[in-house]
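K.L.:
Once you have looked at the hints, place chain B on chain A.
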Amino acid sequence: MDRVIWLIILPLLTAFSLGLLKLYFKRYFNYIIIISSTVHIILAFVVANQAIKEPIVYNLGNWSPLLGITLVIDSFSALFLLAIVTLAYLVTIYAIKFIKRDKLKYHTLSLLLLTGAIGIVITGDLFNLYVFFEIVSISSYALAAINKDKESFEGAFKYLILGSISGILILLAIILIYQSTGTLNLAQAAVKFKEVPRNLKVTILTFYLIGFASKFALVPLHSYLADVYSKASVTFTALSSGIVLKTSLYALIRIVYILFGVEFIIDSGLQDILIYWGTLTFIAAHLLAYQQNSLRRLLGYSSIAHMGYIIMAFALANKGGIIAGSYHLTNHIVMKGALFLATGIFIYNLKDDQISKLKGIGKTLPYSSLIFTIAALAIIGLPPFNGFVSKWLIIKQVLEANYSIPAFLILIGSLLSLIYYLRVIKELYSKANDDKSLVKEPLILKLPALTLGLFCLLLSLLPSFAPKLLETLPEFLIKQNNYINLLLRR
Amino acid sequence: MNPGIIYLLGAGVLFFTKDKLRQSIAIALSIIAIIAIYTLPVSQGLTIPFLDFNLILLKVDKISKLIGLAFAFFGLCSTIYASKLADRKYYTLSQLYIGSSIAILFVGDFFSFYICWELMTISSYFLIFNNEQPITKQTSYYYFIMQMVGAVSLLWGILLQYTQTGSLELTSIEYGLPFFLLAVGIKLAFIGLHTWLPQNYSNVPFHISVLLSAYTTKVGVYALYRLLSGTKLLGYAGIITAILGVLFALKQTKVRKLLSYHIISQIGYMITAISVGTALGASGGIVHLINNVLYKGLLFMVIGVIIYRTGKEDLIELGGLAKKLPLLTFYAIVAALSIAGVPFFSGHISKLVIKKAVHDQILSWGLYLAGIGTSLSFLKVIYFAFFRELDEEVELNERSDKAMLFSMGLITSILLLIGLKPHLLTDLLALDIKLHYFSLKYIWKGVEPIIIAIIIFKVAHDLIAPHHHQARNMDIYPLLARGINYLSKALSYIHNGDLGRYLLWVISTLLILWIKLLSA
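Going line by line, the protein sequences match chains A and B.
Reminder that position 75 of the first sequence reads as 75 in this note's numbering, one-by-one numbering, no gaps.
Reminder that position 382 of the second sequence reads as 382 in this note's numbering, one-by-one numbering, no gaps.
If you're looking for bench data, these hints aren't it; they were derived computationally from the structure.
On a predicted model such as this, the values are computed, not experimentally measured, just so you know.
It cannot be assumed that every hint is accurate.
As the list claims (entries may be wrong) - Here are the computed lysine-lysine pairs in the BS3-like style, where the Cα-Cα straight-line distance is at most 30 Å: (1) A:K150 with B:K489; (2) A:K319 with B:K312; (3) A:K359 with B:K516; (4) A:K431 with B:K20; (5) B:K137 with A:K431; (6) A:K396 with B:K516; (7) B:K84 with A:K363; (8) B:K18 with A:K431; (9) B:K312 with A:K426; (10) A:K351 with B:K137; (11) B:K137 with A:K201; (12) A:K359 with B:K89; (13) B:K516 with A:K431; (14) A:K351 with B:K312; (15) A:K431 with B:K89; (16) A:K192 with B:K516; (17) A:K363 with B:K20; (18) A:K431 with B:K84; (19) A:K359 with B:K137; (20) B:K137 with A:K440; (21) B:K489 with A:K426; (22) B:K232 with A:K426; (23) B:K137 with A:K363; (24) B:K18 with A:K363; (25) B:K89 with A:K440; (26) A:K426 with B:K516; (27) B:K84 with A:K359; (28) B:K489 with A:K431.
Isolated chain A (complex conformation) (with noise of 0.2 Å):
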């Protein structure tokens, strides 16, 4: 079972020791790096098929679950653990390649940026939770900041205030918590949290979701996300899309679910503000990303509306939202992923992102104008890839929730994704007017973004070959008292 904490502590142990092991084996660098990385995704494979068969609980120095740090990973950290590792395994291959400048730093800080997510995805501390939850964020505003250019600085400037603020809002939940429950564990926070009067939950629901939801990005509190994506390497925004709102995703629902139960979701409210939240959230960005002329400002409010697609299903709080939820995202994960690393192949060879200069890269760089219009027709919802599977069920969950309205709108915000991004696309493939015979697409590149483009199309069938793990996603989420029992061990 000690295998769960390697699961943080390989890349925590990677991340501190990187600087001393470049000084004595400078040549090794690289190697040290694939390594490990290699085994903590063997490690994650490892874990993660163990839990999807029998959650797995955990405590750190044999303390009891009441004094001591436990980590839990159900079938639904499981599928989050899976898809983060996997894609940071990739990005970490591609940015091998890819970063120059700054190699220490960039992978000191994104092996960081690794711990601190699968730390949120696995504890069941709130405490520990917003810990590592600090983590991910200090990482990632320093790695929005490495490339040290104006843009970047301003971007990352605007990240550190209003993460800060999300930071603060978060602690006061948790402080709130702590006084009222006594405890910061939880399982237990969650048994004692029923007593808890009316008005002070709501308040702690407010700061949680206004604290996580400016991570992840919600349209008003979306503002900094495209200012830090406009100059950052594409391998930070590949991790900042696919992990970092992703995981402040998962702890809020998480928190939601245990904490507060689903019956409160629905009678407080929750239901109907998170649907129309959604809602506003992709309309906005889908117009939003349709005025933008450089790729990575695009993609960066492609993300933002898809995280209004996921918080939409997750809201229904029923088991085939959940599941729905939670496909898209991992869908959107490697779709995402696909998209920047492919744009990332057009920055290393052009030095530039705007869409107007990618003309005629179709024929120059072949592979990776493939990937992006995969992806790309994956993401608007287009069959036969895996965006359309994931899209069909979150509409079908929310229509059968007598939402007509707002299912009716993810069709609309199909199309609105469908006219920029094939924008994109019509640029990729016509004509070029300048020589570009220089431009080259190296294998250490290509392979990753291959990869994540052949996931696209594979992971549509992935409700036929993995039902069991979709079966089991809802399990310790919909019901509040199963992840209880199973972290208090009763």
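P.N.:
Structure of chain B alone, referenced to chain A:
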């Protein structure tokens, strides 16, 4: 197995092969597909569970089999036709396109239906988007968005139908009628929703327009038949489409544009026939569809050869080709006589069945009028392209068009066969009425519109003779796009990068949320 799969897998094979080998594989695949479709037993085959429903991947009935045969046959001909010009992109995408349009005929549930529907759109988008013709960059964009509007409303209709009835089986729909109407209307280029068609079909390289002319709209008609047959009101809409389509066509001087409007007009016939709702009407529509695939494809092939040999396609510049390209002229005349519905040619058969099925007076008169228009516009094409004497002769280049003429010969022989022995086709549909296609009454009926057309052609010769028109842009859809653009610009404008403003947004959201939750 669904015969569409042959093409879809074949697309992968063709992607990795080269030159002669690729050519022969493509032709072999088409022949295999024809045989596979011909031997399909009429029954329901393969079902696969997916999510919480069953995908019915194979469901064969007479109609789908017949249309499938026509599609596969035309696929073979267009592959041979394009063999001189085709590149890797064309082979791969055309196989995907043909494959998905054949697959859609044999699926039995809405989910797979939608997947094939979209596959068609995607593959045809990349077929249209062609760097040899820079204008297609814009027109294909327009095409994809318009098709996506249709697809989105189809998906919404399917979801409404599914949540209301709990079944995804492909049957006549009960819920979400307007959405299905919009979807099908865009696909089959209903007048008013047709704007995507002429601008694309007339601008792509000609071997691609041959391919496109046969499938997209016809699949729309098939969908109309499967989902919406018997919607009475559509009959009138069909007539309007038929007449307006032909009027637009008469105005054109670019042959492919003229043919594109003719597709729209002919689709009007089929809509009218299918909307009657009887078995006879449906069969008439389907037979007309098959005829139309063949002769409209043949006409596109004819103009393709003209473009290939002369580099021109405007009737103003063409003329006197009959002497230089006699075989081509023969094909063109057969196709034109077929589309005009002259007795002993294939169009006569289907038009007669449609006329038999339609009992409404207005509809019958409408069909009659459209028939005159059709005859008139093909008189125009044949006369001005092939028989008119020009002062300055059109020059031909010496490029070989043997493969093209061969494939056109295949289609022509089938057309002649259908025209002379209509029972070969109608027996496949098991039509139970006995029509004496060649009785004097029907022959007169068939010839009548043509005589009127010839009279009009003589009288109004100057009006009809190809001349330049003031092109008027009546497309209103770009206005919609401008509306969206305005909205998004306004949204973009308020994101001015001011941190204070962003902070204000966060705090006000916090307050609004708090108050809202407290008061709930």
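K.L.:
Are the hints correct? Go through all of them and say.
P.N.:
Tested hints:
1. A:K150 with B:K489: 25 Å, holds
2. A:K319 with B:K312: Between K319 (chain A) and K312 (chain B) the Cα gap is close to 63 Å, so the pair fails against 30 Å, i.e. violated.
3. A:K359 with B:K516: 49 Å, violated
4. A:K431 with B:K20: 27 Å, holds
5. B:K137 with A:K431: Within the cut-off at roughly 10 Å; holds.
6. A:K396 with B:K516: Holds, at about 28 Å.
7. B:K84 with A:K363: With a Cα-Cα distance of about 22 Å, the restraint between K84 (chain B) and K363 (chain A) holds, given a limit of 30 Å.
8. B:K18 with A:K431: 24 Å, holds
9. B:K312 with A:K426: 28 Å, holds
10. A:K351 with B:K137: 25 Å, holds
11. B:K137 with A:K201: 55 Å, violated
12. A:K359 with B:K89: 19 Å, holds
13. B:K516 with A:K431: 54 Å, violated
14. A:K351 with B:K312: 44 Å, violated
15. A:K431 with B:K89: 15 Å, holds
16. A:K192 with B:K516: 25 Å, holds
17. A:K363 with B:K20: 24 Å, holds
18. A:K431 with B:K84: The given pair, whose Cα atoms are some 23 Å apart, holds under the 30 Å limit.
19. A:K359 with B:K137: 12 Å, holds
20. B:K137 with A:K440: Within the cut-off at roughly 25 Å; holds.
21. B:K489 with A:K426: Answer holds: K489 (chain B) to K426 (chain A) is near 21 Å, not above 30 Å.
22. B:K232 with A:K426: 41 Å, violated
23. B:K137 with A:K363: 15 Å, holds
24. B:K18 with A:K363: Given pair K18 (chain B), K363 (chain A) holds - Cα atoms ~19 Å apart, limit 30 Å.
25. B:K89 with A:K440: Given pair K89 (chain B), K440 (chain A) holds - Cα atoms ~22 Å apart, limit 30 Å.
26. A:K426 with B:K516: Status violated; Cα separation ~44 Å.
27. B:K84 with A:K359: Status holds; Cα separation ~28 Å.
28. B:K489 with A:K431: Since the Cα atoms of K489 (chain B) and K431 (chain A) sit roughly 28 Å apart, the hinted pair holds (cutoff 30 Å).
The structure fails hints 2, 3, 11, 13, 14, 22 and 26 (numbered hints given earlier, in ascending order).
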